[in-house]
Amino acid sequence: AQKVTQAQTEISVVEKEDVTLDCVYETRDTTYYLFWYKQPPSGELVFLIRRNSFDEQNEISGRYSWNFQKSTSSFNFTITASQVVDSAVYFCALSCNQAGTALIFGKGTTLSVSS
Amino acid sequence: EPEVTQTPSHQVTQMGQEVILRCVPISNHLYFYWYRQILGQKVEFLVSFYNNEISEKSEIFDDQFSVERPDGSNFTLKIRSTKLEDSAMYFCASSEGTISSTDTQYFGPGTRLTVL
Chain P
57 AQKVTQAQTE
67 ISVVEKEDVT
77 LDCVYETRDT
87 TYYLFWYKQP
97 PSGELVFLIR
107 RNSFDEQNEI
117 SGRYSWNFQK
127 STSSFNFTIT
137 ASQVVDSAVY
147 FCALSCNQAG
157 TALIFGKGTT
167 LSVSS
Chain G
2 EPEVTQTPSH
12 QVTQMGQEVI
22 LRCVPISNHL
32 YFYWYRQILG
42 QKVEFLVSFY
52 NNEISEKSEI
62 FDDQFSVERP
72 DGSNFTLKIR
82 STKLEDSAMY
92 FCASSEGTIS
102 STDTQYFGPG
112 TRLTVL
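Sequence order for the protein chains is P and G.
Once you know that position 91 of the first sequence is 147 in this note's numbering, the rest is easy, because the numbers rise by one and skip nothing.
Once you know that position 102 of the second sequence is 103 in this note's numbering, the rest is easy, because the numbers rise by one and skip nothing.
Please note that the accuracy of each hint is not assured.
Okay, derived cross-link-like pairs now, DSS-like style, lysine-lysine, Cα gap no bigger than 25 Å in a straight line [claimed, not checked]: (1) P/K163 to G/K58; (2) P/K163 to G/K43; (3) G/K79 to P/K59; (4) G/K58 to G/K43; (5) P/K163 to P/K126; (6) G/K43 to P/K94; (7) P/K72 to P/K94; (8) G/K84 to G/K43; (9) P/K163 to G/K84; (10) G/K43 to P/K126; (11) G/K43 to P/K59.
In silico contact screen, one side only, chain G against chain P (beta carbon under 8 Å); selected entries [said to hold, decoys possible]: (12) K43; (13) F46; (14) S49.
Derived by calculation from the structure, the hints in this document are not laboratory data.
Glycine residues also receive a C-beta, built at the ideal position from the N, C-alpha and C atoms.
Could you put the whole structure together from the sequences, leaning on the hints where they help?
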């Protein structure tokens, strides 16, 4: 069975601090995909990144970076120099390697950034 | 930039009533999905739809639920007889459906369903 665990329920930081959101996953598939989505207070789900299981290279996009480690089944997300606009719920998700299949979401981490 | 749209943004209904939630997926996408999120909880998969058929469904998607693509643009979720526990945010999503790999699901803004 597939499972995603986001152990951090809530994190509070002050602006300009760096913050890392943890994600640990379980799957028996050898090929799979991992995702991060952002849910701001307005409620929509915004896609941030997709990573396949064959690509363990870290990725950086502006202030966002992702660290995928297959050996520890983790796909952590770091926000550098956090801003108030980063305040949101962040979901990690997992799917198998087939179009049309379910995304399995973690319970989410609520990030609060204060000024 | 193309996006998934959903109507209405908020639906209030009485227990036992039927509701239809509407979605317009991104135009060149082939796979469509419904998810729900009970307040404060995680997002849960309901169903995926491809080529006018259900591709996959979860245990939540019982006989009270149905999906339909009534025309070339809309994708609907019907709940036949709503219960209090159906109160949730319902998200529609779509993906390109590329052959070679799982593709990215893009979500609509959601419909908040309140059952009284």
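Practice task
Could you grab the alpha-carbon distance between G/K58 and G/K43 and see if it respects the 25 Å cut-off?
Solution key: holds, 17 Å
Handout entry: Minimum beta-carbon distance criterion (8 Å), G/K43 to chain P
Key = holds, 5 Å
Exercise for the section: Given the hint that G/K84 pairs with G/K43, test it: the Cα-Cα distance must not exceed 25 Å. Expected result: Status holds; Cα separation ~20 Å.
Exercise for the section: Have a go at the G/S49 hint: is there a Cβ in chain P nearer than 8 Å to its own Cβ? Expected result: This interface hint holds because 5 Å falls under the 8 Å limit.
Practice task
Quickly compare the C-alpha distance for G/K79 and P/K59 to 25 Å and report which way the hint goes.
Solution key: violated, 28 Å
Problem - Restraint status (C-alpha distance of P/K163 to G/K43 at most 25 Å) - result: It holds: about 5 Å lies between the C-alpha atoms, which stays within 25 Å.
Exercise for the section: Given the hint that G/K43 pairs with P/K94, test it: the Cα-Cα distance must not exceed 25 Å. Expected result: holds, 12 Å
Problem - Interface hint status, G/F46 versus chain P (Cβ within 8 Å) - result: holds, 4 Å
Handout entry: Distance restraint between G/K43 and P/K126, which requires alpha-carbon spacing of 25 Å or less
Key = Given that 25 Å is the threshold and the Cα spacing comes to 24 Å, the pair holds.
Practice task
Please work out if P/K163 and G/K84 have their alpha carbons no farther apart than 25 Å.
Solution key: holds, 24 Å
Handout entry: P/K72 paired with P/K94 [C-alpha distance capped at 25 Å]
Key = At roughly 19 Å apart (the allowed maximum being 25 Å), P/K94 and P/K72 satisfy the hint.
Problem - P/K163 paired with G/K58 [C-alpha distance capped at 25 Å] - result: holds, 20 Å
Against the hints set out earlier in the document, a violation occurs for number 3 only.
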